[in-house]
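J.: Sequence:
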Amino acid sequence: MFDATLSHAAVWKRCVDAISTLIEEGIFSVNQNKISFNSMDPARISMVDFELSSEAFETFELDAPKNIGLNLEDMNKMLRRARPGDRLKMTLDEQTNRFIMTFQGISVTTFSIPLLDLGESSTHSPEIPFTATVRMEAGVLSEALKDVGIVGDHVTLRATPDFLRLEGESDVESVNVRLNKQSEGVAHMEVKEECRSIYIISYISNMLKAAESTDIIEYEFGQDLPLKLTVPLEGGKISFLLAPRVED
Numbered sequence: 015m016f017d018a019t020l021s022h023a024a025v026w027k028r029c030v031d032a033i034s035t036l037i038e039e040g041i042f043s044v045n046q047n048k049i050s051f052n053s054m055d056p057a058r059i060s061m062v063d064f065e066l067s068s069e070a071f072e073t074f075e076l077d078a079p080k081n082i083g084l085n086l087e088d089m090n091k092m093l094r095r096a097r098p099g100d101r102l103k104m105t106l107d108e109q110t111n112r113f114i115m116t117f118q119g120i121s122v123t124t125f126s127i128p129l130l131d132l133g134e135s136s137t138h139s140p141e142i143p144f145t146a147t148v149r150m151e152a153g154v155l156s157e158a159l160k161d162v163g164i165v166g167d168h169v170t171l172r173a174t175p176d177f178l179r180l181e182g183e184s185d186v187e188s189v190n191v192r193l194n195k196q197s198e199g200v201a202h203m204e205v206k207e208e209c210r211s212i213y214i215i216s217y218i219s220n221m222l223k224a225a226e227s228t229d230i231i232e233y234e235f236g237q238d239l240p241l242k243l244t245v246p247l248e249g250g251k252i253s254f255l256l257a258p259r260v261e262d
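Using the working numbering, you'd call the opening residue of the sequence shown number 15 and step up by one each time.
Hints are computed from structural coordinates only; laboratory data are not their basis. Be careful, since some hints might not be right.
Said to hold, decoys possible - Okay, derived cross-link-like pairs now, DSS-like style, lysine-lysine, Cα gap no bigger than 25 Å in a straight line:
(1) Lys48 / Lys206
(2) Lys91 / Lys195
(3) Lys206 / Lys91
(4) Lys103 / Lys91
(5) Lys80 / Lys103
(6) Lys206 / Lys223
(7) Lys160 / Lys80
(8) Lys48 / Lys80
Said to hold, decoys possible - Cβ pair distances, simulated, as ranges:
(9) Gly153 / Pro56: 25 to 31 Å
(10) Leu130 / Lys160: 32 to 38 Å
(11) Ile142 / Glu72: 31 to 37 Å
(12) Ser197 / Val122: 43 to 49 Å
(13) Leu132 / Glu261: 34 to 40 Å
(14) Thr123 / Lys195: 42 to 48 Å
(15) Pro79 / Ile127: 19 to 25 Å
We put the CB at the ideal spot given by N, CA and C, even for glycine.
Based on the provided sequences and hints, a complete structural model is requested.
T.: Quick look at the structure:
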C-alpha cells in the first residue's frame, strides 16, 4: 500500500515535465523516508537524480518499500491537466497494477496509469571534480540560453574567477552573454580554475522545466566535464548530469 498527498501538485508536475523530456519510462523508489528516481536517458547523454522527502507530503502512508515503474510521458500528459492550487493525491493500487493520481481543486479529477515491470533501478551519480560552481535564478540562465540558441544548438560555458560567459556560434554568426558576481539574479560564483565546456542547449532548457523562473538553481562544470544542474525543492532536490561535447 502506498498513499500520499501533496498540498501543491505544481512541484511534482514541474519535475515530471523535466524528467519526461529526457526519459520515457522509469522507476520511482519509495521508502518511509522519501520518493526517489535515478536513471539515465537512452542515449546515455544525461542522468536524473530526484528525491522528495516523505515530510514534504501532507500525508504519506506506506506499508513496505516499493519500486513503481511508470511511463513518464503518459504521466506528464495527465499532470498537465492539474490546475494552479490543486492538491495531488497519489495511490498505488496493487490489485489492479495501476498508479492513481487525483487532482483536488475546483473539481476532483482522477487519472490512472498502468504499472510497468522495469526490473531494478541501479544507476548511481558519479563523483566529479567540478571547478566552477554558479548559483543564479533559473530565469537568468534560461534567457541566456535563448540568446545563444539564436545562432546554434550548442552553448560553450566559459568560466574565470571574475566572470561567466555563455557563447554560441554558427558559420556566420556568434553570440556572447557575459555574467559576473554582481549581475542581477546571480547569487554565487566560485571558480577554482578557468574552464570551458560545450553542451547541447535543448537538454539544459528541458532540465530547467523543473524550476520556476525565480528559483535559485546551481550548476557545476569543469574543463570538458559533465554539467551538473541542481534545482532545490522544499523537502528535496532534482539534479541532472549532462555529458559535454568533447572536440577533437
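J.: Each hint: holds or not?
T.: Comparing the hints with the structure gives:
{"no.": "1", "hint": "Lys48 / Lys206", "verdict": "violated, 34 Å"}
{"no.": "2", "hint": "Lys91 / Lys195", "verdict": "violated, 39 Å"}
{"no.": "3", "hint": "Lys206 / Lys91", "verdict": "violated, 42 Å"}
{"no.": "4", "hint": "Lys103 / Lys91", "verdict": "holds, 16 Å"}
{"no.": "5", "hint": "Lys80 / Lys103", "verdict": "holds, 17 Å"}
{"no.": "6", "hint": "Lys206 / Lys223", "verdict": "violated, 29 Å"}
{"no.": "7", "hint": "Lys160 / Lys80", "verdict": "violated, 40 Å"}
{"no.": "8", "hint": "Lys48 / Lys80", "verdict": "holds, 11 Å"}
{"no.": "9", "hint": "Gly153 / Pro56: 25 to 31 Å", "verdict": "holds, 30 Å"}
{"no.": "10", "hint": "Leu130 / Lys160: 32 to 38 Å", "verdict": "holds, 35 Å"}
{"no.": "11", "hint": "Ile142 / Glu72: 31 to 37 Å", "verdict": "holds, 36 Å"}
{"no.": "12", "hint": "Ser197 / Val122: 43 to 49 Å", "verdict": "holds, 45 Å"}
{"no.": "13", "hint": "Leu132 / Glu261: 34 to 40 Å", "verdict": "holds, 36 Å"}
{"no.": "14", "hint": "Thr123 / Lys195: 42 to 48 Å", "verdict": "holds, 46 Å"}
{"no.": "15", "hint": "Pro79 / Ile127: 19 to 25 Å", "verdict": "holds, 20 Å"}
Comparing the model with each earlier hint shows violations of hints 1, 2, 3, 6 and 7; every other hint is respected.
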